[in-house]
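Peer 1: These are the residues of each chain, in order.
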Amino acid sequence: MTEMPMVRYENVSKRYGAFTVLDNLNLDVARGEKVSIIGPSGSGKTTVLRMLMTLESINGGTLWVDGEPMTHMSKNGRLVPADARHIRRIRAKIGMVFQSFNLFPHMTALGNCIEAPITVLGMGRKEAEERAAELLDMVGLSAKKDHYPGQLSGGQQQRVAIARALAMRPKIMLFDEVTSALDPELVGEVLQVIRRIGAEHDLTMLMVTHQMGFAKEFSDRVCFFYQGKICEQGPPAQIFGNPQNERTRQFLNAVLEAG
Amino acid sequence: MWIRVLAAMLAATLTAIVILSFQDGFKVFVPGLLQGAWLTVQIAVLGALLAVVMALTAALAKLYGPLPLRWLAVAYIEIFRGTSALVQLFWLYFVLPQFGIFMDAFPVAVLALGLNIGAYGAEVVRGAIRAVPKGQWEASTALNMTRAQMLRRIILPQAFVAMIPPWGNLFIELVKSTSLVSLITLADLTFKAQQMNQATLQTVPIFTLVLLLYLAISLTITICMRFTEGWAAKGVLHGKAS
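From first to last, the protein sequence lines stand for chains H and Z. To convert, note that position 96 of the first sequence is 140 in the working numbering; the numbers rise steadily by one, no gaps. To convert, note that position 16 of the second sequence is 25 in the working numbering; the numbers rise steadily by one, no gaps.
So here's chain H without its partners, still in its complex pose (with noise of 0.2 Å):
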């Protein structure tokens, strides 16, 4: 038998009202696979993280995490959907990164990394201290650990927040567009930390980026979503360099063209 997938999205399916935004999606991701997910707004890419992250419902179709069901559960030998309890369980698996950084702001930078893993896993505060310590130096931000949010650039946010995502110790990263809201100047030292993060650590990293340079040199697989479903996926190499659907070659063409 083969290993499961860290992540399998099986026949799933999001709709709001009349406008599917996925349709059957049919997605495995290995355990240390990084994947980057592009394609046009509103071609849904956003949402398969979203979903996994339970920020979304799913309409059909099931989500595994690390060998699991997470949207499901078993009970008497049959799946039936999942309680919040068994839905935390899996969830403690994934952290999130996020466009707009969404740091809180009446927590300084350490004090952002320490909250959940004190409220959440009970951690002491001398241990959880030390330990954020250790990821904000990581992410270049040791100087900064008494700033607030308010008092840091975008770039800085941004890398305080993939300290706090990595400060629960999740086995799945999802990294929603996360360079977007930055100015352009800023991006190189975001990107930077998670290349960083993606050679220690043997994290599975999904990720949804406009940034082309990146997912063809980090990534393992690129999958290219068009209007709900996966149009073309394969290594970067093929889609970049050797795209064989007409509708990659478009947006690729646009984008690079665009610079």
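Keep in mind that the hints were calculated from the coordinates and are not lab data. Please note that a few of the clues may not be correct.
What the hints assert, rightly or not - Residues from chain Z that keep clear of chain H, each with C-beta distances beyond 12 Å, as calculated:
1) Val14
2) Ala21
3) Leu23
4) Ala114
As the list claims (entries may be wrong) - Simulated pairs of lysine-lysine, DSS-like, Cα-Cα distance not exceeding 30 Å:
5) H:Lys137 to Z:Lys243
6) H:Lys189 to H:Lys170
7) Z:Lys243 to H:Lys170
8) Z:Lys185 to Z:Lys36
9) H:Lys188 to H:Lys119
10) H:Lys215 to H:Lys273
11) H:Lys170 to H:Lys188
12) H:Lys189 to H:Lys215
13) Z:Lys36 to H:Lys273
14) H:Lys170 to H:Lys137
15) H:Lys215 to Z:Lys36
16) H:Lys188 to Z:Lys143
17) Z:Lys71 to Z:Lys143
18) H:Lys215 to H:Lys137
19) H:Lys119 to H:Lys170
20) H:Lys119 to H:Lys215
21) Z:Lys243 to H:Lys188
22) H:Lys273 to H:Lys137
23) Z:Lys71 to Z:Lys185
24) H:Lys189 to Z:Lys36
25) H:Lys215 to H:Lys188
26) H:Lys189 to Z:Lys143
27) H:Lys273 to H:Lys260
28) Z:Lys143 to Z:Lys243
It should be emphasised that the depicted structure is a prediction, and the values quoted were computed from it without experimental measurement. Backbone N, C-alpha and C fix where the C-beta goes; we use that ideal spot for every residue, glycine too.
Mind docking chain Z on chain H? Use the hints.
Peer 2: Here is chain Z on its own, set in the frame of chain H:
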């Protein structure tokens, strides 16, 4: 800064009260009116505490409670906002005894006014919670917090700042509606004034003092709320746009 203007107004009001209390024609009324004012302050402070507790409870119940609790919260808010405070006072004081429930006038006053202002406050609290950006909820969910943890640690501390100015209004509203308790036999500031006025017909000095005393109480509240606002905003908006 407005706080200076407010402080100057309060100082002027208090000075006027002190000066008048040494004038013939005024000073005989001062001890009685101060007694009344003290009762007014007591009812207002206790009523305000009750109002805050009720507002938080009702708002959270309406937003996140199980269905029966939600209905209860809606019923409470609508009943106490939708009927006059005077009718509520009369109900608790004159109608409930008909059903065998007797309460003293003072607890009735605190209860009625606290519940009345609490019903308005519940909508203030609810609005402030809703005004916290959605991203804060999503980030807390991504960190696997429970609803209770999110509210306590992330949402309410931020909502608190937005609540303070409207609460200032409600507290002043509360002080003014304490004058209704004179109708259920309590000797508050308004009651004392009317009593003295009927006995002496010295309308000008009596109601001048009463006006100044109410103003002093309200200004004190406004100034306290300004300080609380500044303090709370500092906790949330570090380094933002300052």
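Peer 1: Take the hints in turn and mark each one as holding or not.
Peer 2: Going through the hints against the structure:
1. Val14: Non-interface label on Val14 of chain Z holds, nearest chain H Cβ at 29 Å vs cutoff 12 Å.
2. Ala21: holds, 37 Å
3. Leu23: Per Cβ check, Leu23 of chain Z is outside 12 Å of chain H; nearest 36 Å; holds.
4. Ala114: Nearest chain H Cβ is 43 Å from Ala114 of chain Z, so the label holds.
5. H:Lys137 to Z:Lys243: violated, 35 Å
6. H:Lys189 to H:Lys170: Within the cut-off at roughly 15 Å; holds.
7. Z:Lys243 to H:Lys170: holds, 26 Å
8. Z:Lys185 to Z:Lys36: holds, 24 Å
9. H:Lys188 to H:Lys119: violated, 48 Å
10. H:Lys215 to H:Lys273: holds, 26 Å
11. H:Lys170 to H:Lys188: Satisfied, since the Cα-Cα distance of roughly 18 Å is no more than 30 Å.
12. H:Lys189 to H:Lys215: Holds: Lys189 of chain H and Lys215 of chain H sit about 25 Å apart, inside 30 Å.
13. Z:Lys36 to H:Lys273: Distance of about 85 Å is beyond 30 Å: violated.
14. H:Lys170 to H:Lys137: Answer holds: Lys170 of chain H to Lys137 of chain H is near 23 Å, not above 30 Å.
15. H:Lys215 to Z:Lys36: Cα-Cα ~77 Å, so violated.
16. H:Lys188 to Z:Lys143: holds, 26 Å
17. Z:Lys71 to Z:Lys143: holds, 19 Å
18. H:Lys215 to H:Lys137: holds, 5 Å
19. H:Lys119 to H:Lys170: Status violated; Cα separation ~40 Å.
20. H:Lys119 to H:Lys215: holds, 25 Å
21. Z:Lys243 to H:Lys188: It holds: about 18 Å lies between the C-alpha atoms, which stays within 30 Å.
22. H:Lys273 to H:Lys137: holds, 26 Å
23. Z:Lys71 to Z:Lys185: holds, 28 Å
24. H:Lys189 to Z:Lys36: violated, 61 Å
25. H:Lys215 to H:Lys188: holds, 27 Å
26. H:Lys189 to Z:Lys143: holds, 25 Å
27. H:Lys273 to H:Lys260: The hint holds at about 21 Å.
28. Z:Lys143 to Z:Lys243: holds, 22 Å
Figure legend: structure checked against the earlier numbered hints; hints not met, in rising order: 5, 9, 13, 15, 19, 24.
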